[in-house]
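Please take these sequences and the hints and turn them into a complete structure.
Below, each chain spelled out in residue letters.
Number of protein chains: 2
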Amino acid sequence: MTAVLLMAGTAGAASPTGAVRAWRQAHEKEIVSDFAAMLAVPNVATTVPDVEKNAAYISALLQKRGFKTQLLTAEPRTPPSILAALKTPGAKRTVVFYAHYDGQPIGQKGWISTPFEPSMRTALPEARPVDWKAATGPLDPDWRLFARSAGDDKGTIQAFISAFDALKAAGIKPSVNIKLLYEGEEEQGSPHFARLVAKNLELVRGDLLIMGDGPMHQSGKQEINFGNRGITGFTATVYGPLKPLHDGHYGSWAPSPTVMIASLVMSLRDDEGRILIPGFYDDVAPVSAADKTALAALPDVETGLKRAMGLGRNIGPPRLADGYMAPTLNVRAIHAGDEGPNAANAIATEGEASFDFRLAPGETPARVRELTEAHLTRQGWFIVRDAPDLATRLAHPKIARIIWDAGSSVATESAMDGPGAKAVAASISRTVGYPVLRLPFMGASSGMAEIVNQMKAPMVGVAIANYDDNQHAQNENLRLGNLWDGIEVYAGLIADLNW
Amino acid sequence: MTAVLLMAGTAGAASPTGAVRAWRQAHEKEIVSDFAAMLAVPNVATTVPDVEKNAAYISALLQKRGFKTQLLTAEPRTPPSILAALKTPGAKRTVVFYAHYDGQPIGQKGWISTPFEPSMRTALPEARPVDWKAATGPLDPDWRLFARSAGDDKGTIQAFISAFDALKAAGIKPSVNIKLLYEGEEEQGSPHFARLVAKNLELVRGDLLIMGDGPMHQSGKQEINFGNRGITGFTATVYGPLKPLHDGHYGSWAPSPTVMIASLVMSLRDDEGRILIPGFYDDVAPVSAADKTALAALPDVETGLKRAMGLGRNIGPPRLADGYMAPTLNVRAIHAGDEGPNAANAIATEGEASFDFRLAPGETPARVRELTEAHLTRQGWFIVRDAPDLATRLAHPKIARIIWDAGSSVATESAMDGPGAKAVAASISRTVGYPVLRLPFMGASSGMAEIVNQMKAPMVGVAIANYDDNQHAQNENLRLGNLWDGIEVYAGLIADLNW
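These protein sequence lines are chains U and G, in that order.
Sequential numbering from 1 applies to the first sequence in my numbering.
Sequential numbering from 1 applies to the second sequence in my numbering.
It should be emphasised that the hints constitute simulated quantities derived from the structure, not laboratory data.
One copy or two, it doesn't matter: identical chains are merged, so the pair holds either way.
For lysine-lysine, the following PhoX-like pairs were computed, each having C-alpha atoms within a straight-line distance of at most 25 Å:
1) Lys68 x Lys456
2) Lys173 x Lys68
3) Lys306 x Lys243
4) Lys109 x Lys398
5) Lys109 x Lys243
6) Lys306 x Lys398
7) Lys221 x Lys243
Structure representation (structure tokens):
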């Protein structure tokens, strides 16, 4: 049935791909230069003044292209979202293109270049610096531009802008009214974004949301998705002696925060990925037959992934995307005691671990927090929000300071067979020349869930970044070929969406 | 019976304490100045050139006082031990005074002063810097000198030297032949010390070993001990994906090194301190009736310790010293993923934990290693010694790189009722004016175990450092009053040991 739908779509408009590709081939260095300039503006989500500089920078790019822009905020001193609008005479549909322009923190070890000094590098695994400005002929599509946000999400923003420029140069008009909604606090967990949209609902409303976040399918094939998991995260700190103690003299008597934090982790999740909190899976919505069919149709990527990642096993279901249909507890970090091989023979004073839950449809962050804290309390943890004073320490044998992340979101899932969704599938299939892959929803999260709920518009995710773009980690990058393909995909979405 | 023995001892020689105290009171600033100069010579155990500078520095101090000194090494380029000898005409016994002059690493966070720039500070908890050189009248005995090795063990070396100077000034002769054996690699786990002693057995031999390592009893009373636990330690590294992965996309599928390392920790030890390795306790020698009696006679310190450490519970036996009679597994550190509250939502590539076992009499490091690795193997870990290559990673679902510390030692325990031991107890009881506390053996470890075995001489531990000296951690310090008392105790041991 999928094939029939796609064929029906394919019968429609003429694809702009040829013209767009010719323009891109003639402007490769200009595109890379513009992209590098955008990436050079630091955008760590928690540094609001930097985020604001990005908002101004990207707004100016869009104004130059005829968009009306404004910065929306939920309240003063929160990161702005950019809203940019362009009317198309005669168009009956309005498509809202979402991306976020803020980036993850950059403190990870092992960056081979400076996060905000974009560095072009040869294909992996060598990743040698390369002077792309001095290159003759077409740039190698396997080269990668390394910088924070190259893949997540400034690449999407650059793809849209270049697609727009290519269509304009070819005299091809958009087929829909366009709204761009570029968020500035996604990597903080979107703490104000839902309120921002609620305050500006009529301004941002459209008939279809196209979400340009996340990486492509690991097979390298273009994929669309219809939602994503929710998220809520927290940090747990546990307490040992007020001062470090010699572990020969005190190790048999003083509680060890190193062991305590490991024990807290293992009480929440096992090594196979099972969440051990009683009742945790009760709210999870069952997987529909349509979702199962779509998941089964995805090509095998697991064998190649294991090889690429150096993994001798996987946890959870054998198929990667099957795991997205259930919640996951990720232990982002665990730390206690000295670092490095010269750790002193001492009992540490504190242990810390950091977690995020990815939530499946049916779960809410509030209920997850409640279940988690009830479970910790049953394990004997006395939960505090501030560093405990002496009286608190003496009164409670096991103290855990639990701080929930400011941002959280529920999962969202749009119908795979709605008219807007089918039009997107048809457009991309025309552009790429094969039936686009369809994922019921992504494993990652985004601020889109509440937005979709508020706008009551269907959502389709269209990602262009290579799956191995190291998003959220050191050495984030975008493969040039992915940017080229992304320009063509976005040009198709601008010019030949039709329903 | 204990009291009777001590009384018998007390009947003997005239104590030099009065004369020593008068000399110390007249020379406080000179003593502190000399001590600070010794502490200013950096002595991190792993930096051999620094250790050698300390050896030269301390040797010169002893030569000036009439000792014949030499540096002993097991082999070239290993840290030297200082052997200093002084014959006493007519003496029939030779007493070997042991201490180590190397120090723990200094990389801990939270030092309030620079580890090798000794800083005098007021009593805890204020610990304000104080200009002791400008002070008038006696120095406050609750002031503390902060520096690496102030307590562990340069304080013992200073106490011996000042005691020797005080006796000389008072015209009081030693009652025994003296050998000083000052080790330079104890904080590395003494990897070459046993061989060094074996090579120089006749040079270092004596009738009694007095070991000046470790802190005093928490009650502040003088304590002697008759041995210490053994030690063997290791670092475990576990492996996840070759590159960090976005935990939304991969958290339900890729193994998490953060969880794996927590799981490895919890498979070895529980939060109550029980070692979970099957057969681990089989080799542990039973606690003798004499040891049980001595342990029961120790004053209560646990209530005060809990308050001082901010602990709402203890693990293991309620009495601190009872726990020394069994082995302990200490988890020195655990680390995986980003540090700090901004941990990225990523799956880390590796997890690491660092451990040391404190061994009870009857256990050997070799057997402990064998039991530990057999247990890990049964838990599914494939043990490697080098970072695994891709083929190894793909072939084994769970890989742990286990690196055992270079140094290790067995426990040692001398008889509490031998003639040398009784003479030491009598001398110190005379000096301090109350029956010295007797601990069967310390919870900590030292390179003395094999030495005692080789020399076939009994050992008595005599420590002078305040129990809260932060040894092995940041802000190591020695309380001035402990140095003053230590000088008197060591003067007694030099001048009135008699058996």
